[in-house]
Structure formats: C-alpha cells, structure tokens
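> The chain contents come next:
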Amino acid sequence: MKLIIAYIQPERLTPVKQALYEKEVYKLSVTNAMGCGQQRGYHESYRGVDVEVNLLKKVRLEIAVNADYVEPTIDAIIKGARTGNIGDGKILVMDLGECVRIRTGERGHDAIG
Amino acid sequence: MKLIIAYIQPERLTPVKQALYEKEVYKLSVTNAMGCGQQRGYHESYRGVDVEVNLLKKVRLEIAVNADYVEPTIDAIIKGARTGNIGDGKILVMDLGECVRIRTGERGHDAIG
Amino acid sequence: MKLIIAYIQPERLTPVKQALYEKEVYKLSVTNAMGCGQQRGYHESYRGVDVEVNLLKKVRLEIAVNADYVEPTIDAIIKGARTGNIGDGKILVMDLGECVRIRTGERGHDAIG
Amino acid sequence: MIGKSLQKRVLPLVALMVLLGGTAMAQEEAAGVSAEMFAVNNTWMMVSTFLVFIMHLGFATVESGLTRAKNTVNILCKNTAIVAIGLLTYVLMGFNLMYPGDGWIIGKVLGFAGFSIGLAEGVDATMAGVGAAPFTYGGGGYTYWTDFLFQGMFAATAATIVSGAVAERIKLGPFLIFSTIYVALVYPAVGSWKWGGGWLAERGFHDFAGSTLVHSVGGWAALAGIILLGPRLGKYVNGKSRPIMGHSMPLLAIGVFLLWLGWFGFNGGSVLSADPSAVSFVLTTTSLAAAAGIIGAMVTSWIVQKKPDLTMVLNGCLAGLVGITAGADVVSIHSSVLIGLICGAVAVLSVIMLDRLHLDDPVGATTVHLVCGILGTLFVGVFANGVVVGSGADAYTISFGTQLIGVLSYAAVCFPAGLLIFGLLKLTVGIRVSEEEELKGLDIGEHGMEAYSGFQFFSNM
Amino acid sequence: MIGKSLQKRVLPLVALMVLLGGTAMAQEEAAGVSAEMFAVNNTWMMVSTFLVFIMHLGFATVESGLTRAKNTVNILCKNTAIVAIGLLTYVLMGFNLMYPGDGWIIGKVLGFAGFSIGLAEGVDATMAGVGAAPFTYGGGGYTYWTDFLFQGMFAATAATIVSGAVAERIKLGPFLIFSTIYVALVYPAVGSWKWGGGWLAERGFHDFAGSTLVHSVGGWAALAGIILLGPRLGKYVNGKSRPIMGHSMPLLAIGVFLLWLGWFGFNGGSVLSADPSAVSFVLTTTSLAAAAGIIGAMVTSWIVQKKPDLTMVLNGCLAGLVGITAGADVVSIHSSVLIGLICGAVAVLSVIMLDRLHLDDPVGATTVHLVCGILGTLFVGVFANGVVVGSGADAYTISFGTQLIGVLSYAAVCFPAGLLIFGLLKLTVGIRVSEEEELKGLDIGEHGMEAYSGFQFFSNM
Amino acid sequence: MIGKSLQKRVLPLVALMVLLGGTAMAQEEAAGVSAEMFAVNNTWMMVSTFLVFIMHLGFATVESGLTRAKNTVNILCKNTAIVAIGLLTYVLMGFNLMYPGDGWIIGKVLGFAGFSIGLAEGVDATMAGVGAAPFTYGGGGYTYWTDFLFQGMFAATAATIVSGAVAERIKLGPFLIFSTIYVALVYPAVGSWKWGGGWLAERGFHDFAGSTLVHSVGGWAALAGIILLGPRLGKYVNGKSRPIMGHSMPLLAIGVFLLWLGWFGFNGGSVLSADPSAVSFVLTTTSLAAAAGIIGAMVTSWIVQKKPDLTMVLNGCLAGLVGITAGADVVSIHSSVLIGLICGAVAVLSVIMLDRLHLDDPVGATTVHLVCGILGTLFVGVFANGVVVGSGADAYTISFGTQLIGVLSYAAVCFPAGLLIFGLLKLTVGIRVSEEEELKGLDIGEHGMEAYSGFQFFSNM
Ligand SMILES: Nc1ncnc2c1ncn2[C@@H]1O[C@H](COP(=O)(O)OP(=O)(O)O)[C@@H](O)[C@H]1O
Ligand SMILES: Nc1ncnc2c1ncn2[C@@H]1O[C@H](COP(=O)(O)OP(=O)(O)O)[C@@H](O)[C@H]1O
Ligand SMILES: Nc1ncnc2c1ncn2[C@@H]1O[C@H](COP(=O)(O)OP(=O)(O)O)[C@@H](O)[C@H]1O
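Residue numbers (this note's numbering), protein chains in the order written: chain S, 1 to 113; chain L, 1001 to 1113; chain A, 2001 to 2113; chain X, 3001 to 3461; chain V, 4001 to 4461; chain G, 5001 to 5461.
Everything labelled a hint here was simulated from the structure, so no lab data went into it. It cannot be assumed that every hint is accurate.
Pulled a few chain A residues facing chain S out of the computed Cβ check, cut under 10 angstroms [claimed, not checked]:
1. L2003
2. L2013
3. N2032
4. Y2042
5. R2060
Glycine residues also receive a C-beta, built at the ideal position from the N, C-alpha and C atoms.
Work out the full structure, taking the sequences as your base and the hints as a guide.
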C-alpha cells in the first residue's frame, strides 16, 4: 500500500478529481496548503509597504492506494493538473504500513478502497 | 516509531481525544480536511443551479508514536470515532524514521512523547 | 529521499523560512494545524462557561528533500524555530519513495529540488 | 374608525414637563396641530419607523454572530422572513387587533376592528393627513399610514426575539408557523391591553415603549421554545455546561450598535410626536441606560469571569436598553444611569444562571428581553413611583403594584401561549431538526447552502 | 436658472389624495410655503438623501457577499469609486443635463444648462433657500443644494447596478471609464425625458422614483456588459451551468437590509416634500412590496429549488422594492402587496432563466433591476390605469400604453449605449482580465492585496 | 445657567448667505423661534445625533478591518467601552467643562459649570423646550437634552481616534483609564476655547465642526500613544518596514461608509439648527470633499503604489471628510472639491511617510485625523480668508494667522497631555501587553476569547 501526496494548483482540483474517477480512484482527502517552489510569487503592496508573497495557495491531496493503483493514480493527477507552467505541482509517494476502516475495523488492502 | 494519520468526522474529535487520553496518548496534531470516500455527499442548490457536494468536512489527525503505542492508539481512535455509519473514517499507519524535539534537540523515542 | 514534517509556532514561520533559504532549501509546503503537546493550553471563558483550550495554533511544514539535505534542513528548522520554550515543536522524518514533478513528469532526485 | 385615534397610546409626557406645567404643546395637540407641526411630527415618526426597521438587521447580525458559522444562513433567513411576516400579518389583522378602537369584543381584553388596513373606503382624509389644519388624527402626530408602519415594525420585533433563543436547532417551517401565529394573534391581542386602550391602560399600567409589551412578550415565547426544544447537542455533557462559541464578534458588535441606533426610534418614536422636550429627554435616558449597561456588564464580567467578555458587555448594552424602555419618559437622568448599571450587571449574572439551569439560549434573549424587560417594567414603579402621567381624564399615577400586575398578566398569557403553540407543533410536525442535521448545520439541512462558501473552519462542535 | 425649479419632477400625489380632494397642501406649495414648512420639507429631503447614500453601502455588501472572497477588494473599490465619480460628474454636468430647465437643445429630448453647479453667481438666494417666506424653489420642498445632493446620490446608483453584474472578471480601469461616461452622460440625458420635464413627462409617462429611470437604465447597461464580457471561467462547463457560490451570506443580508432602508429615502424622498400623507403612503406601499417580495421569492424558491435559497429570498426583497418604485404613489395598498409577490416570484424564475441562457450575472442585477424595473413600470399601467396624477396644466392620466412606450424608449437608448461604450472599450483597452488573474482573483491582480488576509479558504473555483 | 445658551457655538452662516444678505432666519433665531420651527430644528439635531452615534460603529469596524483577526475582540470592546465612557463622563462633568457658561475660572481658558447635568432643579423649562413660543435656548435650535446628547456623542469620538492608532498592543485597562481622563478632562477643557465661547472664539478662530477641536485633539493623543508604545512586533525588522495586513476589507468598507453617513450629522448638525440653506450647503461641501478625497487618494495610490490600494482609497475618503470639517460652512463648492482632492492625496503620502518614520499606526489615524485635521483647519484660512462669519457683536473675520494660532494652541496642550497621561500609565501599570500576548493576540490575552471561533487563519504574524 502506498500513500500519495500531491500539491496542485487550486483551480485544477476539479479536473484532477475527474481524472481520478476515470481511473476508479474514488477516495481522497484534500487540504488547503500554502506552497513555495520554483514558481515565482507575486508582489503585494499594503499601505505603501511592498511585500513579495512567495507562499502561494495550493491544494494538497492525500490518496491511500494499493500498489497496483500507484501508477494510474500518478497518471491521473498529472493529466488533471498539468498545464505546462511552473507551479503545476508535485507528487510524493510513500510506503503505507497499515490502513484501517474505522467503521468495520477492516485492515489492509480491503480497507483502502 | 510510527506516524498514524486518521480521518474522522469533525464532531467525533472530542470523543477521540478523550479516548486517546485514556490510553495516555497526549500529543497529536489536527488539521481541517475535505474528504471524499464511500460516504455519499449531499445536494446543494445555489441560485437554481444544483451541485452534488462530495468533498465533505473531515478532521485529520496526525499522531507520532512509538511502536508499542500503535495498537492502543488505533483502538482509541476507533473507540472515539466509530458510529457504525459510512463516513466514520480511516486510519493510516506509516513508518517514521526520525523524530526531533525542537526545544531540546532530543531525537528518536524520547522525543516522541 | 525523505519527507520532513515539522510543527512549529506560527510566529516562527518567517525565521524558519529564512534559515531554510540559507541552507538552500527553497521548496516547502505549509498548512495550518492545531496541536496538542507538552505545552499547556490556555483558559477561555465564553459567556460564563470556562473552557481549557488545548488545541493550539501551529504551523505544519512539509519538505521533501534528498537524503543529504536532511540534516541541514533539520538544523535550519531548529535554528529558526527554537526559543527554548515548551511548544517549540517537533520534526518528523520519513522515507519518501518517489517524487514526481507534474509539469515535466521528471521523477526522483531531480524532481525534488 | 375615526374614533380609533383617540384610543391610541396615551402620549406620555416627561415628568419634568408636568412638574413645570409646560403644557402649551400638549394642549395644542388635543385640539389638533398646524400643518407645519403635523409635518414635523410625521417626519419624526417616519424617521423613528426607519430606526425600528433597522433593528431587524441588528437582531439578524447579533444572532448570527453569537451562533456557529454552519447555522448562519438559517438565522438570516428566519430574520428576513419574520420582518415580512410581521408586516403582512399586521396589514391583515394585527393592527386592528392591537388597536381595536371601539371594536372591543371581550371586555377591554380583546377587540378587533376588522380585517385589512387601508381600503380606500376605510381610511378617510383626516386619518391620512390630507386636508387643512388643524390635524387631529393621533393628536396630529402622524398619519394613519405612518401609524400603521411604525406599529408594524414593532410587531415583528417580538417574534424576532424568539428566533435567537431557539437558534441552531429549530426546524425552519415550524418556526415560521409559530412566528406567524404569535405575531398575528398573541402580540397584538395582549398589546391592546395597554396601547390599544384596554384594561391595563385603564388601570394605569405604565410601559412607555414596550419593556413588557414587546420585549417580555417575545421573551416569554423564547423561554417556552427553549424548554420544549431542549439544549443544543453538546451544550451540556454529563451535566456540565460547555461553551459553544459564536462565530463572529464583528457581526455581534454591528448588531448591537444597530440595535442601539434603532432604539432611538423605538423609544424616541414612542413619544408619538416630535415634541422636542419629551423626545430629547427620552433619547437622553435611553442613551445613558445603554452606556451604563455597558459599564455595568463590563465591570461584572471582569469580576465574575476574570476578563471582560465582549459578548457579555454587548448583552449588557442591550439589557440597559430593554430596562429603560418601560420608563424612559418618566424616570430621572440619574435613575436612567442606575437602571442601566443594574440591568447590565444582572445581564451577566442572568446569562450564567440560566445556563446553570440548563436553559440553552445561544444569544441571551431570555436574559436581555425577558429578565430585563420585567426588571425595567418594575423599575418604573420604583424610580417613578407616584408620578402622574397624562392630564385630564386619561391621567394616571404610576405605582409598583400596578406594574407588577402588568408583568404578571403578560406572563400569564404569553408563556402558556408560547408553550401551547410550540407544543402543538412539536406533537404534529416536530420542531427540532435531526441530530445529523444539527451536526452538519442547518444551513445545509434546511437551505442546501453555506454561509461562507470556501472558507475553512473547524466544525467539530 | 430660476425657471428650472418649475420643471422638476412633477410632484405625484397619491391617488387617494386626489380622490378625496385634499389639495390644501398642494395649493400651498404652488404658492410657496412658510419658513417652517420649508424647513420640515428640506429636513425630510436631507434625511432621504442620507438614506439613498447608504444604499451604496448596501450595493457594495450585496455584491461582495454574492461573489468570491478573492474578488472582494475589487468590488468594494469599484463601489466606492462609483459614488465619488457619480457625485463629481453630477457637479460638473450631470445635474444640468438631467434638469436642463429652459436649456433644451434637441426637442425635449436633450438639454443642458451649462457646466458646474453652485457658482456663487449661479445660485441665487431663492434657490438656496435664503430669505423670507414664501419659499418657492422646488415648490418649497428643498433648497438647491439639497436638490443637487439628493439627485446626485441617485445618479451613482445606475452605475452601481452594472458593477454587480460584471463582477469577478472586468478590468478596473475600463469599468471606471464606463461608469464615468454612463453616469455623466447617459443616465442624466435619458433621465431628463421624464424628471427633467422632457418629452416623456409631457406624454404622461409615470415613473415615480425610477423603476425605469434608475433601475432599468442601470439594468440595460448591465445586460450589455454581461454579453460583451462573457461568463466567468468555470461557470458554464460543456454547456452545463455550475454554481459559483458567494462567499458571505451575512454581507449579503446586511446589504439587502440597508437597501430596503435606503429605499425609504429613494421612494419617500421622491415625493419631493415632507407631505405627511403622500410620504407615509409611499413608505407603506414600499415596505409592503418588499415584504411581499420576500414571501413571493421564498415560496417560489421552496417549490422550485426544494429548499428556500437565502440568496433568492433576499433578491426577492429587492425585486419587490424595484417593482414598487415606479408606482409607489399611485397603486393601492393591496396592489402593492400583489406587485411584491409577483416580483419576488419572478425574481427566482428570472435568475434561473437568465442562467439557462448562459448570461452570467453573479448578483442577479439584471433580474432585480432590469426585469423587475420593467415589470414595475408596466404594473403602474395595470394597477393604476386611468389614475389622474397632478392637477392643472401638469395633470396626466396613467395608461398602460404610455408606460410601454416609456419602457421601450429607455431600452432603445440604454442598451445600445451600454453595448457601444463597453464595445469600444473592449476593442481598445480590453475589458476582461487575463485568465490567470481571474483564477488568482482580481484582488491580487488589480489591487495587489487580499480582502481577508490570513484567513484560509479554498479558492479552487 | 440660562445664560449658557448664549455662549454656545456661534452659528456659522454660509458665506453665501452673508453675501446675499439673507438673514431673515438668523434674526428670527436671535429672538427665538415658533413652536413649529423649534420642533423642526430639534428633530434635525436629534437626527444628527443619531448619525454621529453611528460613527462609533464606523470607527469600530474600520479599526477591526485594518488590524489582525486575533485582536478583533479587543478592538470592538475598546470602542464599545469608549462610547459608554464618553457619554457618562460627559454627564458627570464634560458638558459643563466644555460649555461653562459664565463659570470661567482661568481667563477664558478654563471654566466649569458644576458636576452633573440634568438635575431637576438645574434644567428649567426654557432649556428643556417646554412652554410656549418663542423658544430661545440655543437660538431655538434644540433643547437642553438634545444639546447634551449631540455634544456627548462628539466627546467620545476624540478618544475613539486614539483607539485605532494604539491598536494591537495596548493593554485594555490602561487604555480605558487614558480614555476616561482624556475625554472627561482634556477634550472638554480645550473644546471650551472655541465652542464654549473661550479665548479662541473671541479671537475669531474658525473650526466649524471640529477638524481641530475633535480630530486633531484625538490625533495628538494618538501620536503620543504611538510614540510611547512603540511599533507592533514584526512591523520594523532590521530597519525595514513590513506590512501587517488588516484582516477584513469588508469591515473597513462598512466602517468608512458609516463614517461618511455619520459625517452628515457631524457637519450638518453643527449648523445647530435645521436652517435649510446652511445645512444643505454644508452637506454638499461635505459630500464633495469625501468624493474628491476618494479620487485624490485613488489616483495618488495608483501612481505611487502602482495599483490602487483599497485601504488608501478609503482612508482618502475619511481624509477628505476631516479636511472639510473645519470649513464646510464657509468654503465654496469648488474649494470643497479641491480640499478633498488635496487631503485624499496627502493621506496616501502621509501614511507612507509616517511609516518611514517608524511611527506604527495600524489604521492611519494620525494621518486622517491629525494631519488632515490640521490641514483642514489651515485651509479655512486659505479658501475662506477674509470671510465674515456671524453678525453683530459675535461677528469675526477668518484669517490664516488665527487659524494657525488655533492649530498651534491645540498642539501645545493636547500632545503634551497625551504624553503625560500615557507616560504616567507606562511608568505605573504599564501600557503594553507582553510579547507572548501580542503574538497570541489580545483577544485571548485580554478577553480569553476569539473573534472568529472555528475559522482557520494563519496567525504567523
Ligand atoms: N520539495 C518540496 N517539498 C515540499 N513541497 C514541495 C516541494 N516541491 C514542491 N512542493 C510543493 O509543490 C508546489 C509546486 O511547486 P513548484 O516548484 O511550483 O513546481 P515545480 O516542480 O514545477 O517547480 C509548491 O508550491 C509546494 O507547495
Ligand atoms: N484511500 C483513501 N485515501 C485518502 N483518504 C481516504 C481514503 N479513504 C478514506 N479516506 C478519508 O476518510 C474519509 C472517510 O471515508 P469513508 O469512505 O466515508 O469511510 P469508509 O471507509 O467507512 O467508507 C474520507 O472522507 C476521506 O477523507
Ligand atoms: N507525538 C506527536 N504527534 C503528533 N504531533 C505532535 C507530537 N508531538 C508534538 N506534536 C506537535 O508539535 C507541537 C509542539 O509540541 P510540544 O509538546 O509543545 O513540544 P515539546 O516536544 O517541546 O513538548 C504540538 O502542538 C503538536 O502539534
């Protein structure tokens, strides 16, 4: 089992969700995040004081999947999120030791989906 | 050391915290999340346009524990979060390589608690 | 590759970012979190009803780095975040299996930076 | 229907005026006024009407601010609907129930002057203020239309008071049914006892602008609603009270300032003319009671809660305002400050006490409107005991006893009426939303929408 | 320039007054009024001016509330700038275009009384209200300054209506240019047709306080803007409409209540004196239409959308207000309720229908101001058909035909004018922000700042 | 005490009136007015009082909007308490310090008419407006009570100005002590110099509605507070200024619109009667200056900051309002636009300059109230130089020199007084919260509660 974390542009959330659905990945969790990467920030000016904003709004996805779903999931995220511009985001993949469904107490592969 | 991530219903946060306390798990971090799982979403209608909301409000817990605390922690979360309904949530367990207490610089098992 | 998660006091975010920049760690993601640790909470009173607030505002950092950057990153976080008081926070380090840059599809070490 | 104007609220003159014998203007009114004076009076009454109107926004924001973000749409919707229901039922029957003129049916307890206002044949030129001086309708203080609108704005207030107390758990439909019945029947019927020239007016009960007639009337129904609904989920856990914090203090503060603003019209307009002396005196006592309410609550809160709780301070302001409402025209400047201080302090203690009794009132409506409404009415009998109000046949002497009778009479009808209506609704359609809906929020449950789309907030309560 | 006062809006008297022959006050006005009456009238008109002013805050908060958090600074900035632009261009030329006095240039279609108001030599003592009774400027209803300020506050309203419809995608600079031109030239020029004593006034077109002259005039330009701009990104995906939710229902509610409050001045002030009967009647019809608009929209929304949508209910309130604005002085009490109910119901259906036509109007401005503005104007011809307004030479009889001619005339000029100005701007400087800026939000794009610094919200739309 | 009324603010007549010799109404006033005129005047003054009252909500929301979410409860609590403190101390002594009547103690510099207002024996029938025409108290413009309440609402304003400047770091208790002393003693004492008929009134200093007497008086204390408190943590890092963004632009905008609304009463009421010509002229100059302030600031901000900063635009509106306040009655229409433009532009530059000087004023109070208060007062000497105000014995000629003397006199007393009071508090109880509390927010530190319970926001500043 793997845990996939992805940072994407906020406005790509809907296309990513659609792409995931097409690959039959229905379960995911989303959080708000602020990201600092290769993407240049932008310039704000508040009451005459300038500031370079370099923490940009991002959406963070967290998806727990069985091993065979890893590549389809990565592909789907790329498909939905890629615009070709800096700031498109990043995907991280980690090992997932255990997964428990709270409702039933099921564990492992069965609990994930 | 393990990192336990749990998604629960927002209103179960207090019971879960209580159950964790009983098992002497006192440290945890909480974030707001939106989740999409087996649970059906609900229907909103805004100015005559319908929309199926399928990202539901969830609370995400992150708890770093020593290995022997993993099962008690999982049990506590289940005890506090389970209602028997779809949407009760999920627990993920991962390996944690290192843990550092910023204040003292302590590392590993000692730093976690 | 490693994933570093750090919980720090909200007001230490700027110094931590500066310390990371000095170590040439430019990429990171930030989320809002509520934390419960050794730090005592504080007392609120709302309309005559007292409540002990023990979920305190924290900032959560997530930084994916190559192995050789782990220690410099930890050092930088400690440098920026340490005040010597309880509540300074905690750093967690985990193995990162894969990293994908969405824009280019690059993977692994190259994608991380 | 012309006779009706004579049985309107007796114009209360400030005690001062009576003492000093300054009755020139009063006499003028009895005989009708010049076109100019009529225009001034009516302008003042229209301005007062606007001020009372804006109180509804004040109530809406106070209630929203003191409850959770997930129930905000529901509260705003209730408060908007109530204004509409209040005005429309007042057209249909409320006005004519409250001011039955000669149409008394049961003693001077219940009367009715027929359905609907404002048929062309019903309102004649004199009432509408058309014609030449002297103008006599309402003592030359306003036209029939102004009269209706000013009183109509008051009517909706009583139901709005209930709204806050039962917030975060009541079903929308049943609440609207309750409001319609209460504002169409109960409020005007009991209101006629005093302002409609009924039995309490004849006994010399003094309630200048409605500590009892408006605030307690709403407060009793609020109490009934709270009891029948029960507390919000999670408010009392294992017998211990837990805080459920309001989601926006700026909304609360906006609301309280707007309510104070509105009170200038609520009390100032209750003079029923622009009489400079009477109105400006009333505005002064009103403002000082509000200011003293703030200080009274702030000091009490600082002592009792260790730190000044903004929600208490602002409740204190409203408490002072409700407290002065019954006697704003007859108590002295110094008494007004004292009344404000006491009501402000009482507000803090009463909120805490009602919570101890596990009466879950998210916004403190029972404290502000019921407890302080009663207090304010009784204070008239304390601080203005023996003052003679009015002149000639309508004159009466204020006494504590009569004030108490008034308070008890309203209690005896309004609380049971509230219990009855809410009770019947509970037995039939149900008045409380499902547990799941309460957790998810009434905005999604009752309206299928959110108040702060996109914003992130913890909704773990 | 003195002659100008005679060609101001013809004072509409309530039908009632005419029926009852209560013309004492009306006659008095023709001959000028006493110093006291002048002071009352002017005070009332000043109060009305304030109320119309506060509508601008109402518009600002309604529009903010119904759009996304990332565009809030932009909306507030636009609405603030418009008030300034409206007033300043009205000083420069608007007032003298709208009320050209004898300065007609093209028939009674276009006139101009010269640049700038208020030169010491231009305003004489009589107009400013200095001197002794009888006061005659504006029939003794107000001074020249009050006249200017009251009308100036109206002027900015037309442009503000556009603001909401084109929100979340229009460039700031071009929008301000559009507003300046529209409010400096178009609004006053077409306004002169009726209120300036122009050709429509002569034909007996009745638009009491501006269902057409203000609301439709703004509404037509809004429609033009929507068409030329196109919908917001993500609003229509593969031909399907998707909701883009407003970010703050409390702001919306605050705005609607303030607008209702403001309407007391908008309609009440349009009586152009404090005439008790006329003003209070207008306030009553206005309030009842607003209340009925709420109920009409609520019921319709409950039926059509299954649950009552707060944004629809509040739009319904505004719809009722716009609908009554043309005939608040001439329709009966019962008709006012009916007008409100219909407009409220229509509002819901119209919002849904315009959305189906892929006309993306985030706040429903075209529904509320254009659709209901037209309806309200026509309803005058239905509910007050045959009523004679005014007396003597200025008298005219209301007819559906004339109302229709009025509606079509404004359509024929305002919609093309809107298309022309927006079109030219589109061809030259461009009117729409870049896709990237639209996604990131206009607050950052146009202003380099955020409305809710520190707050976390999802901005995935 | 009757004599007091004669030494009230000298009624300033618009220059125009003087030129045209339109003094009919002025003469009437000297001899007292009819009951009708008295009622109109008093009604107008009461309306003005309400408008000034609502400014306090404006201040509360402006200050909340421009500061961080974690300090919102504290700001709202301060602003609520100040209104109460202002009114109550004004009852106790402020009113009688500011308008000492014959009770001068030190030259015409300090006087006192005894503790407490409104004892039954103190206010006689004439003052309260009871009796028959002609009414003479305050020239027939208002009753004693209206007088008190209108002036009392002004009093609290001075302290409120300070509140914004010292926000986000001052301890609640000491701030309230400061406010009490400043509003009870300093404000009324120096106010008596001009409005109480003191030495500056005799020298012909002109400050119509308080650019100096209210705004600068508050501004000087704000400056003193800023200096003694030091900047907020994180505002200046290594000598570089960093932005600390306000958390809610809607609250800011609501506040500014309410303040503009309030200014209609602040300036319009300062005519001290409903004189149609004078009041409507003042309202016009006031509105145009506000509008021009918006444009002046917007253009300047667009040039200097590249993009229009909403906080600057809205500050510009207030700057224009403060700037016109001293001369709203005597400058021409065109001058009022010019004054607004200049003040708006200066506001932007001044905010930036004060920030460069490391004077940390979160809301720009020193810019708006002090800088533009001084400017506005001097502008009277520029744009109305040589204008004769008043008639008979009270007449005086406006001159730049006298205006400068006025400005300097207030500086010489108020700034040291502010330093003294804040300094003593700093030495004794301390005025600044702990570093930890400042980071965590004063809402939790001073009040143990949050303004936006449940909402998530970054509080890393
Ligand atoms: N090494 C990293 N650690 C944590 N978050 C990262 C890392 N790299 C990128 N991110 C997240 O991904 C977002 C997009 O990164 P960006 O640098 O713009 O993408 P790219 O890889 O195309 O340069 C960032 O804003 C940040 O939130
Ligand atoms: N595979 C997954 N990856 C990420 N988050 C998940 C996953 N499965 C569940 N979740 C999270 O847990 C929440 C509860 O899931 P749900 O499907 O309702 O539980 P159940 O396992 O009972 O079906 C979801 O809303 C989501 O936030
Ligand atoms: N075991 C843990 N699991 C998850 N989060 C933790 C853990 N320990 C600490 N944290 C996070 O770090 C924050 C700081 O913890 P704290 O206990 O104050 O630090 P210290 O290690 O100095 O005692 C907490 O508020 C919490 O968010």
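> Each hint: holds or not?
Here is what the structure says about each hint:
With 10 angstroms as the threshold, the beta carbon of A:L2003 comes within range of chain S, its nearest partner Cβ sitting at about 6 angstroms, so the hint holds. A cut of 10 angstroms between beta carbons decides the hint on A:L2013: the least distance to chain S is about 9 angstroms, and the hint holds. A cut of 10 angstroms between beta carbons decides the hint on A:N2032: the least distance to chain S is about 7 angstroms, and the hint holds. Hint status for A:Y2042: violated, given a least beta-carbon distance of 25 angstroms to chain S, over 10 angstroms.
Of the supplied interface hints, the one on A:R2060 holds, with its beta-carbon coming within about 9 angstroms of a beta-carbon of chain S, less than 10 angstroms.
When each numbered hint is compared with the structure, a violation occurs for hint 4 only.
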